[in-house]
Amino acid sequence: MFDEELDEVEPTGAAPGWVPDGFTWGVATSSLHSEGAAPAADWAGWEADGHAPPSGDGNGFDVHHREDFRLLGEVGFGAVRLTLEWARLEPKRADRLDRDEVERYRLILAAAHAAGLDVWVCLAHGTFPGWFSEDERGFLDERMARRVWPAHVDRVAEAFGDLVDGWFTIHEPVRYALDAWLNARRPPGRRSVDDAGTGLRALQHADAQAAGLLRGGAAPVASSEWLPPIYALEPTPAGRRAAAEAEDLLWRSWADPERLEAWDLVGLSCSHAVAVAPDGSFHPWPRGTEPGPLGWAPWAPALGETLHRVADELADRELIVAATGAVDVDEGRRADTTRGLASELRQAVEDGVKVRGCFWWSAIDGYEEPVGFAARSGML
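Numbered by this note's numbering, the letters in the sequence shown go through residues 1 to 380 in order.
No wet-lab data here; the hints were simulated from the structure.
Keep in mind that a hint or two might mislead.
[What the hints assert, rightly or not] Taking CB as the label site, the calculated pair distances span:
1. Gly372 x Thr289: 18 to 26 Å
2. Glu158 x Pro235: 49 to 57 Å
3. Arg333 x Asp194: 38 to 46 Å
4. Leu314 x Gly161: 24 to 32 Å
5. Arg104 x Pro291: 35 to 43 Å
6. Ala110 x Gly217: 13 to 21 Å
7. Leu260 x Phe373: 32 to 40 Å
8. Arg191 x Ala151: 26 to 34 Å
9. Ala94 x Arg137: 13 to 21 Å
10. Gly50 x Thr289: 24 to 32 Å
11. Gly17 x Gly60: 30 to 38 Å
12. Arg137 x Val329: 30 to 38 Å
Small disclaimer: the values here were computed from a predicted structure and weren't measured.
For every residue, glycine included, the Cβ atom is placed at its ideal position computed from N, Cα and C.
Construct the complete structure from the given sequences, taking the supplied hints into account.
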């Protein structure tokens, strides 16, 4: 994507000179982004019902991953974050993983290692098996949340643990809960305040439970919280109250110190800020900035603000950027935003923020929710 000097703030390829020793410099993707919706995934039904563009085979990762890994390694990235799609590993509820899919994913992870890349695995990134999230109500069903999910985590750890250098548990639980159960932006497409509250509590319990099951091995375990800075869209009492409520949801609901002990690293996802209207709806920020294709305004200072705030509030914890990047249709703006994000990351490192790695979204252009292939995000 970029061809300027990497010693400055160019986040393509080799980690810049300001990156400390031992810093993880990687790229991230998801199964939906790179492989397309698994036939048994809830998102496949979402597409079939016309709620989202078809994802096909994503960006062709299943066929081209060896070449993708080779290129990433050659330009200097040191790690890749992948999702082992539950709906591929267990397309039907069978209390066991599909042998062919286990072998396929093991070969993919081995290919990443052969290209010189560390492998970080995310257990769940936006999609779940349809039999789990829809037929059995997913995390809204206590038995599914407290028995079926941890059993899956155990099976994944046993099948792939020897090939994993780091774990992420559930990607952006708060955003998932809002989109799935309150705003009907992803399956199961509900609009229920009660379901959103119940689902979020169960999802956050499941997230911490997964971390507890994975910890203890050589591979560190990280969370992946969506942490955009929050602003009041209108400087009125009602506007400030709504923003404060959003703060509690996005910044407080997950941050109990005892709960956070489940993870080795506090992971955060941030590429933009959020403005909250008096009615509680979310909007792009800053004002006057044209939103990108995903509905958010590109604003690199968001990452710096978030890193410094988390460092201040959790001073004794080490951090990792689970995902940051620019998804856009304007290549010039995308490049400028990415450089800005890298500059913010650099400043945080130089300010002493204990950030131990960063995964850039994404490795290769692919499927982006909810616009399909109508935007670019790839670092190559």
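Consistency of the hints with the structure:
no.: 1; hint: Gly372 x Thr289: 18 to 26 Å; result: holds (23 Å)
no.: 2; hint: Glu158 x Pro235: 49 to 57 Å; result: holds (53 Å)
no.: 3; hint: Arg333 x Asp194: 38 to 46 Å; result: holds (40 Å)
no.: 4; hint: Leu314 x Gly161: 24 to 32 Å; result: holds (27 Å)
no.: 5; hint: Arg104 x Pro291: 35 to 43 Å; result: holds (38 Å)
no.: 6; hint: Ala110 x Gly217: 13 to 21 Å; result: holds (18 Å)
no.: 7; hint: Leu260 x Phe373: 32 to 40 Å; result: holds (37 Å)
no.: 8; hint: Arg191 x Ala151: 26 to 34 Å; result: holds (31 Å)
no.: 9; hint: Ala94 x Arg137: 13 to 21 Å; result: holds (19 Å)
no.: 10; hint: Gly50 x Thr289: 24 to 32 Å; result: holds (31 Å)
no.: 11; hint: Gly17 x Gly60: 30 to 38 Å; result: holds (34 Å)
no.: 12; hint: Arg137 x Val329: 30 to 38 Å; result: holds (37 Å)
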